[in-house]
Structures are given as C-alpha cells and as structure tokens.
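Visitor: Use the sequences and the hints to build the structure in full.
Each protein sequence line maps, in turn, to chains V and L.
Heads up: take any position in the first sequence, counting from 1, add 710, and you land on our numbering.
Heads up: take any position in the second sequence, counting from 1, add 405, and you land on our numbering.
Everything labelled a hint here was simulated from the structure, so no lab data went into it.
Predicted model, so just to flag it, every value in this text is computed and none were measured.
Among the hints, erroneous ones may be present.
As the list claims (entries may be wrong) - With a straight-line cut-off of 27 Å between C-alpha atoms, the simulated DSSO-like cross-links for lysine-lysine are:
(1) Lys747/V <-> Lys428/L
(2) Lys842/V <-> Lys527/L
(3) Lys747/V <-> Lys609/L
(4) Lys568/L <-> Lys472/L
(5) Lys778/V <-> Lys568/L
(6) Lys747/V <-> Lys606/L
(7) Lys472/L <-> Lys778/V
(8) Lys527/L <-> Lys870/V
(9) Lys870/V <-> Lys568/L
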Amino acid sequence: MLAKRIIPCMDVTAGRVVKGVSFVELRDAGDPVEIAKRYDEQGADELTFLDITASSDDRSIIFHIIEKVAEQVFIPLTVGGGVREVQDVRNLLNAGADKVSINTSAVVNPQLVADAAGRYGSQCIVVAIDAKQIAPGKWEVFTHGGRKATGLDAVEWAIKMQTLGAGEILLTSMDQDGQKKGFDLALTRAVTDALEIPVIASGGVGNLQHLADGVTQGGADAVLAASIFHFGEYTVQQAKQHMAQQGIEVRL
Amino acid sequence: MVDIAIVDYGMGNLRSVYQAVRKVAPDANVVVSGEAEVIASAKRVVFPGQGAAPDCMREIRERGLDKVIATTAAGGKPFLGICMGLQVLFEHSEEGDTPCLGIIPGQVTRFAHGLKDAQGRKLKVPHMGWNGVNHADHPLWEGIEQDERFYYVHSYYVQPLDKDIVQGTSDYPQPFVCAVSRGNLFAVQFHPEKSASAGLKLLKNFVNWNPV
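Guide: Written as structure tokens, this is what we have:
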C-alpha cells in the first residue's frame with residue numbers, strides 16, 4: 711500500500727538553506743545542493759524548496775539550484791516562493807521542479823491555481839496554506855510569510871483550492887512553526903478530513919514522535935520538517951524507522 | 406543518429422525524464438523531440454506525459470504524432486510509456502470522456518470516491534506517493550525486488566482487456582494494473598524518473614532491452 715511520505719523542507723535565500731523561528735530569526739544550514747543529496751541518500755520521499763528571497767534581483771538563484779539538484783537527485787522536487795503567474799510555474803518546471811507551490815498568489819488571484827492546474831495538470835500544483843488559530847476549532851489563512859491576515863477560513867479555503875485544481879495542500883501552522891512542539895494536529899485533522907486530495911502537515915516538528923503523530927492523529931498523508939534534519943538531530947532514515955515501529959507504512 | 410527519443414507533445418515536464426535517461430545512458434544520443442521523423446528514426450522511444458487525458462490527446466493529434474506513436478508502439482523498437490504515456494495507449498479514458506490511441510484494448514478508469522484502507526481510513530485521490538509493485542517476470546524488472554516502491558501521482562488507472570499483458574500491479578486498496586507489455590512495448594503508471602534507485606534500475610533495463 712501507499713507509504714506516508716517524509717519531506718525535508720529547505721528554506722532558501724541568497725543561495726543558502728536557512729531556518730527561522732516562527733518566520734523570523736534566520737540561521738544558516740548550508741548549501742542546498744549538498745543538503746538535497748544528503749536527504750536523498752537518507753531516503754527522503756520528496757524534497758521541498760521554498761525560495762524566501764525578498765529581493766527580486768536574487769530570484770534567478772533558485773533556478774540554478776533546482777537545475778543542479780534535478781541533475782543528481784531522482785525523487786520529486788517541489789519548489790515554492792514568489793510564484794505569481796503561470797509563467798513562473800512554467801519556469802520552475804523547466805528548471806527541474808516536479809511540483810510548484812503557490813501561497814500568497816493563490817489568495818491574491820485564485821484563478822492562478824485554476825490556470826496553472828489547467829495548463830500543467832493538478833499533479834504539479836501544490837497550494838501552500840499558512841494558518842493561525844483564531845478560536846477553538848477555527849483557523850485563519852495568512853499570507854506574505856505570515857504577516858498578513860486574509861479573513862479566510864483555512865478549511866473552507868483548502869476546499870476551494872481543491873475545487874480549483876490543486877493536487878495537494880501544504881498546510882503550515884504558524885502557531886507551531888519553529889516551536890518544536892509538534893504539528894497543530896487539530897488543524898491538520900480538520901483540513902485532511904475535509905479534502906479528497908493529499909495534505910502535507912508542516913510546522914512545529916521537534917522530534918520523531920511529532921512526525922508519527924501527524925499521520926496517526928492528524929491524518930496527514932505526508933509530513934514535512936526542516937530543522938530536525940538540517941542540524942543533524944535526526945536522519946530521515948531514523949524518522950522512517952520510528953514511524954514504521956508504530957505501524958505507519960513508510961518507504962524504508 | 407538518435408539512440409533514444411523522448412516524445413514531446415507539450416504535456417508535462419520532460420526534463421526529469423531526460424535527466425534520468427541521461428543518467429542511465431550517459432553515452433547515448435538522447436533527444437527530446439516533437440517531430441515525427443526524429444521519433445521514427447530513433448532506436449528507442451520514451452513516451453511520457455502528465456496532465457489531463459483530453460489535453461494530452463488534443464496535443465498529440467494537433468502535432469500529428471498519433472500515427473508515429475501507434476507505428477512505433479506496434480513496431481519492433483523498444484518503446485516505454487510513462488504515466489499518461491501508458492493511459493493514452495488504451496481505447497478510452499473516463500477523464501473527460503476521451504477517445505485515446507486504441508493501441509491496447511481496454512479502458513482508463515478513475516479511482517472511486519470514498520476509498521478507504523483496511524483500517525477504515527480515507528484514501529486520497531490523486532494516488533500520490535510511493536507504493537509497492539508486484540511484478541511479473543520481464544527483462545525490465547531485472548534486479549528489482551518484489552514489492553519495491555515506485556513514485557506515483559495519478560487519479561486514473563488502466564484496465565486492459567487482455568490480462569496476459571499485465572506486468573505489474575499495486576494496491577490502492579484493491580490491486581490496479583501499473584505495468585503492461587506487449588512485444589516491444591512496455592508501459593508503466595508510476596514515474597521511474599522520480600523513483601530513486603529502483604526507477605533508475607528500470608530505465609537502465611529499458612535502455613539495455615532488446616525485445617525479440
């Protein structure tokens with residue numbers, strides 16, 4: 711049967727992998743191509759790159775990185791950050807991305823999701839949702855790296871994105887991100903139960919049990935983590951073994 | 406002389422397929438081409454594809470590639486279909502009620518809504534991720550263990566009328582056909598170009614394959 715996926719995520723700026731805490735305080739984690747190769751060797755199921763470059767001058771760097779990774783790593787690559795129009799999707803796919811993640815632009819222009827899915831297929835369109843709890847059992851969508859409230863309900867928004875053609879949802883809890891206390895399991899469960907497409911849980915992983923909980927309690931189809939892998943606390947292989955011990959199907 | 410032609414009909418990302426084929430055949434002349442003459446002249450043909458069946462079929466027909474794909478798939482040279490390059494070989498796809506190339510008798514069907522696993526948990530569609538493959542005995546599976554995992558992303562699966570052509574199945578939750586072969590033709594639902602070492606092994610077997 712289908713395995714639950716473990717996806718290391720690399721935030722990239724100025725050609726380096728960095729990691730922040732709750733979207734601020736960046737810490738250098740190394741060269742993206744080297745890190746990607748390491749995760750591939752450890753058995754990562756996919757890799758995600760988020761270009762967090764602020765300046766548009768530096769935007770070409772991510773293409774170069776993706777080209778280098780795609781020459782050497784033969785697992786699915788997702789790239790997000792700064793995708794504003796269908797042409798951006800095309801450029802990233804041409805550089806070697808298999809999927810493109812759309813976040814702020816999906817809110818600004820939902821038609822972009824429909825257009826991109828219509829042109830390149832739902833299989834390559836991931837909609838990233840940054841959500842923050844505003845009441846018990848209620849989460850709001852934020853954009854612009856978590857700085858801007860949208861007034862949108864996260865679950866309703868996810869359903870709308872599925873309807874417009876998203877092939878997958880990358881769901882990040884802004885409350886949990888960088889806190890190392892585990893995913894927002896209630897948020898993950900609420901979104902995954904509402905959808906037919908796969909959901910990747912993100913934000914808050916501090917140990918291997920958190921990854922397992924994302925699947926068993928959150929109902930996630932895939933789990934994403936950054937810092938626990940970047941700084942050598944755990945390998946992807948260790949994460950998979952831990953999940954397998956709890957009866958979760960993984961690719962070992 | 407073109408050793409391996411990767412058929413380009415504007416659907417999906419061929420760069421991954423190109424990179425992976427280059428990796429397993431570093432000395433071969435590999436081209437990505439949408440020209441019928443180039444495809445017809447190549448020693449081996451890889452027929453990938455992503456996206457929706459109606460778009461794929463429209464692009465294939467508009468570019469005048471349906472004939473060369475049919476002749477090549479039915480002819481003597483090794484031919485590898487991947488993902489949509491498997492599905493459109495069949496007669497008809499439920500996706501957009503699309504007549505396909507009709508090279509292989511059978512239909513392409515969507516995974517049912519409301520699928521559940523043995524524990525009663527919801528199964529998502531698209532079927533996305535790494536699933537084990539139970540395979541038959543064929544040169545393209547050489548060195549690949551039973552239940553080896555390959556990477557999938559699809560919502561539709563093929564149902565060949567002739568069960569003798571089935572070369573592999575995966576479970577979701579029921580077994581579905583993920584590989585077929587007939588003479589010089591071999592086609593798979595998963596993405597060998599994105600299936601790490603197992604996928605590269607299958608591609609390597611393809612570039613070394615000499616069907617009789």
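Visitor: Now look at each hint and say whether the structure bears it out.
Guide: Verification of the supplied hints:
no., hint, in the structure
1, Lys747/V <-> Lys428/L, "holds (15 Å)"
2, Lys842/V <-> Lys527/L, "holds (25 Å)"
3, Lys747/V <-> Lys609/L, "holds (21 Å)"
4, Lys568/L <-> Lys472/L, "holds (26 Å)"
5, Lys778/V <-> Lys568/L, "violated (42 Å)"
6, Lys747/V <-> Lys606/L, "holds (19 Å)"
7, Lys472/L <-> Lys778/V, "violated (36 Å)"
8, Lys527/L <-> Lys870/V, "holds (20 Å)"
9, Lys870/V <-> Lys568/L, "violated (40 Å)"
Figure legend: structure checked against the earlier numbered hints; hints not met, in rising order: 5, 7 and 9.
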